[in-house]
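A.B. asks: Spelled out, the chains give:
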Amino acid sequence: MNSHKKNYMRKQKSAPYLFIAPFYILFATFMVYPIIFSLKASLTSWNGVQEMKWVGLGNYAKLIHDKVFLQALVNGVIMFFMYVPFMLLLALLLAVILNRPRQKFKSFFRMAYFIPNITCVVAIAYVFLLMFDTNYGLVNKVLMSIGIPAIRWFGSAFGARLVIGILVTWKYMGYNMILMMAGLQTIDESLIEAAKIDGAGSIKVFTRITIPLIIDNGNLLIVLGTIDHDQWRRTSL
Amino acid sequence: MSVYLNLVKRRTGILFIYAFLILLTVIMLMPFLWMFLSSFKSQNDIFSSPVSLLPKKFIIDNYITIFKQYNFGRALLNSAYIGIVGTLASVFFCALGGYAFAKFEFKGKSILFLILVSSMMIPFEVTMVPLYALFNKFNWIDKHIGLIVPGLANAFGIFFMRQYMTGLSSEIIESGRIDGCKEMGIFLRLILPIARPAIASLAIIFFMGSWNNFLWPMIILKSQNKLTIAVAIRSFNSGVFTPYHLIMAASVVSFIPLLIVFLSFQKEFIAGITSGAVKG
Numbered sequence: 002m003n004s005h006k007k008n009y010m011r012k013q014k015s016a017p018y019l020f021i022a023p024f025y026i027l028f029a030t031f032m033v034y035p036i037i038f039s040l041k042a043s044l045t046s047w048n049g050v051q052e053m054k055w056v057g058l059g060n061y062a063k064l065i066h067d068k069v070f071l072q073a074l075v076n077g078v079i080m081f082f083m084y085v086p087f088m089l090l091l092a093l094l095l096a097v098i099l100n101r102p103r104q105k106f107k108s109f110f111r112m113a114y115f116i117p118n119i120t121c122v123v124a125i126a127y128v129f130l131l132m133f134d135t136n137y138g139l140v141n142k143v144l145m146s147i148g149i150p151a152i153r154w155f156g157s158a159f160g161a162r163l164v165i166g167i168l169v170t171w172k173y174m175g176y177n178m179i180l181m182m183a184g185l186q187t188i189d190e191s192l193i194e195a196a197k198i199d200g201a202g203s204i205k206v207f208t209r210i211t212i213p214l215i216i217d218n219g220n221l222l223i224v225l226g227t228i229d230h231d232q233w234r235r236t237s238l
Numbered sequence: 006m007s008v009y010l011n012l013v014k015r016r017t018g019i020l021f022i023y024a025f026l027i028l029l030t031v032i033m034l035m036p037f038l039w040m041f042l043s044s045f046k047s048q049n050d051i052f053s054s055p056v057s058l059l060p061k062k063f064i065i066d067n068y069i070t071i072f073k074q075y076n077f078g079r080a081l082l083n084s085a086y087i088g089i090v091g092t093l094a095s096v097f098f099c100a101l102g103g104y105a106f107a108k109f110e111f112k113g114k115s116i117l118f119l120i121l122v123s124s125m126m127i128p129f130e131v132t133m134v135p136l137y138a139l140f141n142k143f144n145w146i147d148k149h150i151g152l153i154v155p156g157l158a159n160a161f162g163i164f165f166m167r168q169y170m171t172g173l174s175s176e177i178i179e180s181g182r183i184d185g186c187k188e189m190g191i192f193l194r195l196i197l198p199i200a201r202p203a204i205a206s207l208a209i210i211f212f213m214g215s216w217n218n219f220l221w222p223m224i225i226l227k228s229q230n231k232l233t234i235a236v237a238i239r240s241f242n243s244g245v246f247t248p249y250h251l252i253m254a255a256s257v258v259s260f261i262p263l264l265i266v267f268l269s270f271q272k273e274f275i276a277g278i279t280s281g282a283v284k285g
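Line order of the protein sequences matches chains A and B. Its first residue numbered 2, the first sequence is counted upward by one per residue in our numbering. Its first residue numbered 6, the second sequence is counted upward by one per residue in our numbering.
Since the hints were derived computationally from the structure, they do not count as laboratory data. Treat the hints with caution; some may be incorrect.
Stated by the list, open to error - Calculated lysine-lysine pairs in the DSS-like style (CA-CA distance at most 30 Å, straight line): (1) B:187 / A:14; (2) B:108 / B:227; (3) B:14 / A:105; (4) A:105 / A:197; (5) B:227 / A:41; (6) B:272 / A:105; (7) A:41 / B:148; (8) B:108 / B:231; (9) B:272 / A:172; (10) A:107 / B:272; (11) A:14 / B:114; (12) B:112 / A:14; (13) B:142 / A:41; (14) B:14 / A:197; (15) A:172 / B:231; (16) B:227 / A:172; (17) A:107 / B:14.
What the hints assert, rightly or not - Selected chain B positions facing chain A (in silico; Cβ < 7 Å): (18) 20; (19) 22; (20) 263.
Built from N, CA and C at the ideal position, the CB exists for glycine as well.
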């Protein structure tokens with residue numbers, strides 16, 4: 002009886018390790034090993050087939066003088082400032098509007114803004130290439146109809162970056178809006194009521210109460226936005 | 006008088022808000038409309054002036070071509086197979102891991118959990134090249150198993166299931182133990198059925214992620230009959246010529262199943278993405 006119970010306790014102790022083992026096995030094989038391999042390979046000269054030749058920090062020295070690499074770093078920073086603040090602000094504004102108690106068609110608008118998020122980036126990239134085409138695109142047609150001359154969107158680095166920023170904002174704005182709406186729902190309604198009784202207008206309530214309280218959430222979104230938009234929920238490689 | 010003025014001011018404010026919401030709706034939905042209508046245009050029609058939203062002549066040849074000549078049906082089947090098998094298996098392992106973190110006390114739990122959460126911050130691009138070399142050794146290049154196995158137990162999924170299962174009552178587990186159930190039996194018979202809402206949310210997130218996945222499938226899949234939809238769409242572009250009319254048709258076809266899944270499980274999906282990110 003006693004030994005049976007002991008045996009049972011031991012089994013119960015090993016169970017959680019068994020349950021989490023799949024993750025750590027996959028993590029070690031498909032993440033830790035590749036990262037260590039990358040680190041090792043980065044210190045060698047290797048063409049993928051022949052033996053690795055140790056070169057120390059030589060590759061890194063080359064990298065910081067590499068114009069393309071430096072440009073890519075700059076591009077990353079430019080892209081970030083180009084759309085992340087704008088996208089988060091728009092998402093917050095919409096979240097506040099749609100969270101108003103008397104808002105009509107709330108679920109329709111929420112769905113309309115969110116639905117770009119479920120699209121496949123490959124398909125959407127081609128749609129945007131067509132829409133922003135200089136001669137045959139919808140965007141230039143609309144611009145020309147209000148008197149703005151046709152823009153060669155892909156003719157300059159700035160134009161191309163702008164289109165990418167628009168695409169990413171289009172795809173992820175609704176996603177951020179949904180997160181912010183969930184964040185707004187955690188804000189104590191009585192705080193806002195109290196401020197209104199004290200004579201604060203809706204803009205003041207927004208800047209003095211809603212924004213500070215949502216910043217907690219916003220911080221998280223900025224961090225996630227910097228790393229990679231759907232990195233955190235990347236489900237399969 | 007001032008009451009009347011206030012009313013007018015509020016009315017215009019509300020009108021302005023709705024105008025803004027509707028304009029934004031049009032902008033957000035326009036790419037879908039453009040994609041849909043362009044899929045019924047010929048290549049010449051797409052590249053003709055003046056630009057018009059509607060096709061000059063509605064044709065369904067694009068859809069016939071992608072299925073007959075480009076074997077797009079096969080790509081749809083591949084994506085469905087990888088999506089369904091991968092999702093079912095990974096939801097199971099994530100629920101199992103999440104359950105262990107939520108309901109067991111064990112040595113090293115907090116450090117193991119910290120490792121799990123930090124692993125979410127590693128961008129895939131960092132591991133991509135060595136992973137290819139590793140898969141080459143496993144002989145997993147150009148095989149669907151190479152897309153399914155690495156995602157089987159993922160950190161986000163375990164984190165997500167843990168959040169949900171922490172809220173479950175421990176009494177059920179205790180009663181199962183008293184009845185002499187094995188730990189795995191408790192999980193399969195008692196925990197899995199209760200956790201159904203969370204499992205549904207996670208399954209939809211996984212399925213959509215897998216369906217739209219592009220980078221890794223593009224790297225490891227080579228044969229025409231193994232391609233998933235995203236890679237198949239990319240493969241229409243021969244490098245010299247981009248058949249936009251076919252790409253638009255393929256995009257519509259690949260989007261429809263996703264739209265159906267999304268519209269039927271909208272609630273679960275939204276509950277899923279928010280519960281992962283909001284504190285409390």
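A.B. asks: With reference to the structure, classify each hint as holding or not holding.
C.D. replies: Verification of the supplied hints:
no.	hint	verdict
1	B:187 / A:14	holds, 12 Å
2	B:108 / B:227	violated, 44 Å
3	B:14 / A:105	holds, 19 Å
4	A:105 / A:197	holds, 22 Å
5	B:227 / A:41	holds, 28 Å
6	B:272 / A:105	holds, 18 Å
7	A:41 / B:148	holds, 28 Å
8	B:108 / B:231	violated, 41 Å
9	B:272 / A:172	holds, 19 Å
10	A:107 / B:272	holds, 14 Å
11	A:14 / B:114	holds, 12 Å
12	B:112 / A:14	holds, 9 Å
13	B:142 / A:41	holds, 18 Å
14	B:14 / A:197	holds, 18 Å
15	A:172 / B:231	holds, 28 Å
16	B:227 / A:172	holds, 29 Å
17	A:107 / B:14	holds, 22 Å
18	20	violated, 13 Å
19	22	holds, 6 Å
20	263	holds, 6 Å
Against the hints set out earlier in the document, violations occur for numbers 2, 8, 18.
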